[in-house]
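Novice: Sequence:
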Amino acid sequence: MANRVEPPSEDWVPKTRLGMMVKQGLIFSYSDILKNNYVVKEPEIVKALVPNLEYEVLEVRLVQKMTDSGRRTKFRALVVVGNRDGLIGVGIGKAKEVPSAINKAMNNAILNIVPVKRGCGSWECGCGTNHSIAHVSKGSWGSVEVTLKPGPRGLGIVAGDTAKKVIELAGVHDVWAIAFGETRTPISFAMAVYDALRNTYSLVYKTGE
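Position 99, counted from 1, in the sequence shown is what our numbering calls 883; the numbers after and before it change by one each time, with no gaps.
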């Protein structure tokens, strides 16, 4: 179940020029950041400009690494964030404690937020609303390849659980998600779906391909 991302605290001290501009009210819309291709290095910037962000933990697992001093154990979290209105991000975080790993993953996901081009790209529909994606889009990560196809209004999200959670937070309601590869690996699957959503603004993949 998705949870609300808390806004930045009032005592937030920006570390970048962009952060200062946001803090001072010189930039008050996330669309301004996208239009100007600003590089966001502080999650607080997005939290301040997109107040309705939500996050959901997709996976938390124990990982181990051998070092010269012995075996080190950490928790790895996979988190998706979105505003259910065309913005989506996925991130990974590692820490000794589960809450810290989740928080790191959430902040990384926020820094990875990208816009999703929504529309009514299905030839079966033509209602003209932003209930689906505008055209066929593809994405990949590791061994996983994902193809998203626009669906008619009322179809719902035809996808696996991991993909469905990512697509829902992006604000896409009707779509087919076709996946190949090791989809049982949540990280690869989620990142491949994220890549496909990010590519909705690319003209490489066209409807009917």
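Incorrect hints may appear among the rest.
Pairs of lysine to any residue, SDA-like flavour, derived with a Cα cap of 25 Å [as the list claims (entries may be wrong)]:
no. : residue 1 : residue 2
1   : Lys880    : Lys901
2   : Lys799    : Gly912
3   : Lys825    : Trp925
4   : Lys831    : Val847
5   : Lys825    : Lys933
6   : Lys933    : Val920
7   : Lys849    : Asn836
8   : Lys880    : Gly870
9   : Lys901    : Val920
10  : Lys831    : Asn820
11  : Lys819    : Lys878
12  : Lys901    : Gly955
13  : Lys878    : Gln848
14  : Lys858    : Arg868
15  : Lys888    : Val797
16  : Lys807    : Leu895
17  : Lys825    : Asn787
18  : Lys888    : Phe859
19  : Lys948    : Lys819
20  : Lys878    : Ala786
21  : Lys901    : Gln848
22  : Lys831    : Pro792
23  : Lys901    : Lys878
24  : Lys831    : Gln848
25  : Lys922    : Pro970
26  : Lys888    : Phe964
27  : Lys807    : Asn892
28  : Lys825    : Val920
29  : Lys880    : Pro970
30  : Lys888    : Trp925
31  : Lys901    : Asn867
32  : Lys933    : Val898
Cβ pair distances, simulated, as ranges [unchecked claim]:
no. : residue 1 : residue 2 : range
33  : Thr851    : Arg937    : 30 to 38 Å
34  : Thr851    : Val797    : 32 to 40 Å
35  : Arg788    : Lys825    : 20 to 28 Å
36  : Pro936    : Ser884    : 41 to 49 Å
37  : Lys825    : Lys948    : 24 to 32 Å
38  : Arg856    : Leu810    : 30 to 38 Å
39  : Val882    : Asn821    : 18 to 26 Å
The set of hints was computed from the structure by calculation and includes no laboratory data.
Glycine included, each C-beta is placed from N, C-alpha and C at the ideal position.
Novice: Which of the stated hints cannot be reconciled with the structure, identified by number in ascending sequence?
Specialist: Per hint list: 1, 2, 4, 5, 7, 8, 11, 14, 19, 21, 23, 24, 26, 28, 33, 38 and 39 violated.
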